[in-house]
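K.L.:
Need the complex rebuilt from these two chains, each delivered in its own frame; the hints are there to steer you.
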Amino acid sequence: MSTGNRTTGDGVAVHGVGTSHFGRQPERDLVALAWDAVREAFTDAGVEEVDAAWVGTVFGPAGVAQRVLRAMGITGIPVVTVENACASGTTAFAEAHEAVRTGRYGRVLALGIEQMTTAFAGAITPEDTDPEGRSGLALPALYAMAAARYLHLGAATREQLAAVSVKNHAHALHNPRAQYGGRHTVEEVLSSRMIADPLTLLQCCPTSDGAAAAVLGPATGGAREVAVRGVAMRSGAPWNHTSQHVWGHDIVRDTAADALAAAGVHAVSDVDVLEVHDAFTIGEIVTTEALGLVAPGGGGEAAASGRTALGGAHPVNPSGGLLSRGHPLGATGLAQIAEITWQLRGEAGARQVDGARIGLVETMGGGVSVLDGNACVVALLEAP
Amino acid sequence: MAVVDHLEDSVPHPITVDPRPQVERGPDGLRRVTGRRCRSCGEVAAYTWPRCPSCRDAVEQASFGPDGTVWSATVVRIPVPGRTPPYALAYVDLDDGPRVLAHVRAPVDAATATAPAIGSRVRLAACSADGDIQVEVLA
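Residue numbers (this note's numbering), protein chains in the order written: chain P, 943 to 1326; chain V, 62 to 200.
Among the clues, some could well be false.
Listing some non-contacts, in silico: residues in chain P with all C-beta distances to chain V over 12 Å [to be verified]:
| # | residue |
| --- | --- |
| 1 | His963 |
| 2 | Arg966 |
| 3 | Arg970 |
| 4 | Glu1289 |
Simulated coverage check for chain V against chain P, where a stretch passes if three residues somewhere in it have a Cβ under 8 Å from a Cβ of chain P [as the list claims (entries may be wrong)]:
| # | stretch |
| --- | --- |
| 5 | 79 to 91 |
| 6 | 128 to 142 |
Output of the computed footprint for chain V on chain P, the stretches with three or more beta carbons under 8 Å from beta carbons of chain V [to be verified]:
| # | stretch |
| --- | --- |
| 7 | 1065 to 1074 |
| 8 | 1077 to 1086 |
No lab work stands behind these hints, which were simulated from the structure alone. Bear in mind the structure is a predicted one, so any value in this text is a computation, not a measurement. For every residue, glycine included, the Cβ atom is placed at its ideal position computed from N, Cα and C.
Next up, chain V with everything else stripped away, as it sits in the complex (with noise of 0.2 Å):
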């Protein structure tokens, strides 16, 4: 039976799908997200959804950024399991695309942890080892 001859299944299987929006780097060195654009309304989202979430119509792949502006921003200072507090977290709106959040790569210390200014100009960063989509604060 399937039950003795596949012992292997008889643990969960990890989850792989990475539910994070995704970041590539493009031939002139900047990194966007890749989302989707709906064909009729024009909503975007930094996500691979199947429709679009505001009327429903088809979409089609497009990526947005590498810049965008801090909507609201905040630090973390409570233990998160798998991360080391503090972390600064932003809401950015990529221009002319969806808003995500991202963490902002800065030297974080507990005694000198701020968040970016809202309003702050941002561009995407590599993301973390791990996975984040990452934003550095332009000058």
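Just chain P, with the same shape it has in the complex (with noise of 0.2 Å):
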């Protein structure tokens, strides 16, 4: 567990957390969906108002942000929507703080939401004004060729990608809004249904809908708010023939170098759980690798051994991850938000990290060719 750094925070805290149930949702709306995350983060929050709102989505329809919160009576306050790709929740989050933290508004809600399933049948569709989404390079593949390129370079086995999805799916067993627990296999996952060379169909997270939300305020050292200790958040560097990681490595690496100095911890073996962007199992492992929780090429490894399984030195995605709890792409960085308040408050039930202190949310999002990631945003987060 943590060796201390006690530090204060940087003055702002999480008041509320909330989120709808995640999966195959298209019998509900989102104003439905951003109901059930806003009706429990105000009342976590013990709050009925607040100054302004962020709401991160990437494929709602114009207007979405201002029609569910219409719904519930939120009106009149800067609303402000943003997308990031699969950032979009956790950029929401860190706008939010920044306005908390300068002193711009005082409380502030921010909100995820996606509705996947009426969007999409399958994948994502690539985009066309894209060059690499108009060859269409969907993006299985485009993290099929991370892991191509791991298996080819021994930085990682068939085994140790399974691995991922085993941890996951079982950790969401223990969560009860999460898409599809389960107790799979290794040999399971690497007979299910091959997506994109090698990464088969338990290795990809599914097409999900939800919501989730958290209400930022001043920090007043309440019993049950949870400190922000530091948030980065960034977009990538070109991404290309000179680059001597695969895609989406660097942006994480220097994303969470930004926020671990924010936040004052000296390494992020002093965290204590993470909930990290693991869309395909091959993104989980390059992300602990680029985190420097784990050694370079030790992410299959750690995933493999138990390590960053709960229970673990470091356990990792304990609320199931996108690969199980679902991954609505806006609402999908609160709901890491949540997981790690709900842990650093003891609140997390079975699938609780006992005594964690520091908690670290990781959400990348990419889509844009050439570029190392659209954005990615790093938070850490300490108990109250």
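P.N.:
Set out below in structure tokens:
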């Protein structure tokens, strides 16, 4: 567990969090899903209103933020919609945090919403105005390129890739809001349908609908307040023939360094529990390495050995992660914030990481070719 | 008013600018990607971007290929709108040039489809009817 770093946070705290259920919910609309999340977050924070709202969504229609907020009587305040691919929810969190930290607003809602089932039959349709999207590079194929490279270099094995899926699906068995918990074997994961070689179906996040929310405000030392230690956000540098690492590695490494510095946390090994971007199994492996939680080439072994499992030294994705909780893009980042908040308060039930004091959230989104990620957000939170 | 005088403008225009790198066949019969090289730092790109994405200095037209090396590859086996799976894709580092995403031209059927081995030498082939960059694996 954490060795300390008992400096104070940056003056901002998470006062309340809430989420909807995650899963295929085409029969519900975003008004209903958002209400589940906001109602719970407001009740959790003991508030009835906020001074401003940042809303993350990727595929939501124009005006969707105001549409869902109006339905719950949140009107007449500044509302800003943000899109940063898979990091849209954490971008909303980062901006809400900065608004409180600088005193621009007193109490701010960060909300993430997404309904994927009514937009896509399966994987996200590649973007036709992007060169690689126009060439048919579906997102599973982008991650498959990284996975194939890892296998080629001997930096991971197929079994280690599968171990990430086994671990996170097992974690999700203890998360009643997760889309797909399950006890799978490595063999079952590897024998599930091939999506983009070498990634099989159980190594890919499902199509999900959901919403998640957090209420941020000045830290007052309340018994249930989770302090924000530091937040950082970056877009990627060019990713091309000169890049030393697979796609998505360096942006996570650099954003994490920014966030750790902002938080005054000396090393990521001081972090007790992590929620990271595992849209595909290779994503968690690359991310744990980029964060510095494990050595280069050690991400697969960490998952296979249980080091990053519940009960291990550094549990990663106790919620089940994107692979198993589900991945409604705009909602994901705030679902991660909610999970870490529950973990740091000791409210995570059967998936609780005992004594967790410092938690880390990381989300990285992509889709723009020749760029090492559209956006990455890393946040460090501390227990009350 | 313009609104009624130009009814053809009342529907959206189709996207006509193809974002994919452009491939041209040279007098030697070989195909190369037309892109840009930075006059200052030498960085290359497969696109006609206005300045160097690395150092922001001026760029000039350059062509890359016809050969390259597979950096990584996969076979897409899920439905993608407008395409028939499976199809093989590779990131190809063109010799002294940029990394481009290419389709790997080969007889592909669901049972036998494989991605080319990483490190394979490939050559730019004719683009597909739909405009995709294609490479073929060199023996």
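K.L.:
Next step is simple, just say for each hint if it's right about the structure.
P.N.:
Results for each hint:
no. : hint         : verdict
1   : His963       : holds, 26 Å
2   : Arg966       : holds, 17 Å
3   : Arg970       : holds, 26 Å
4   : Glu1289      : holds, 38 Å
5   : 79 to 91     : holds (count 4)
6   : 128 to 142   : holds (count 11)
7   : 1065 to 1074 : holds (count 8)
8   : 1077 to 1086 : holds (count 7)
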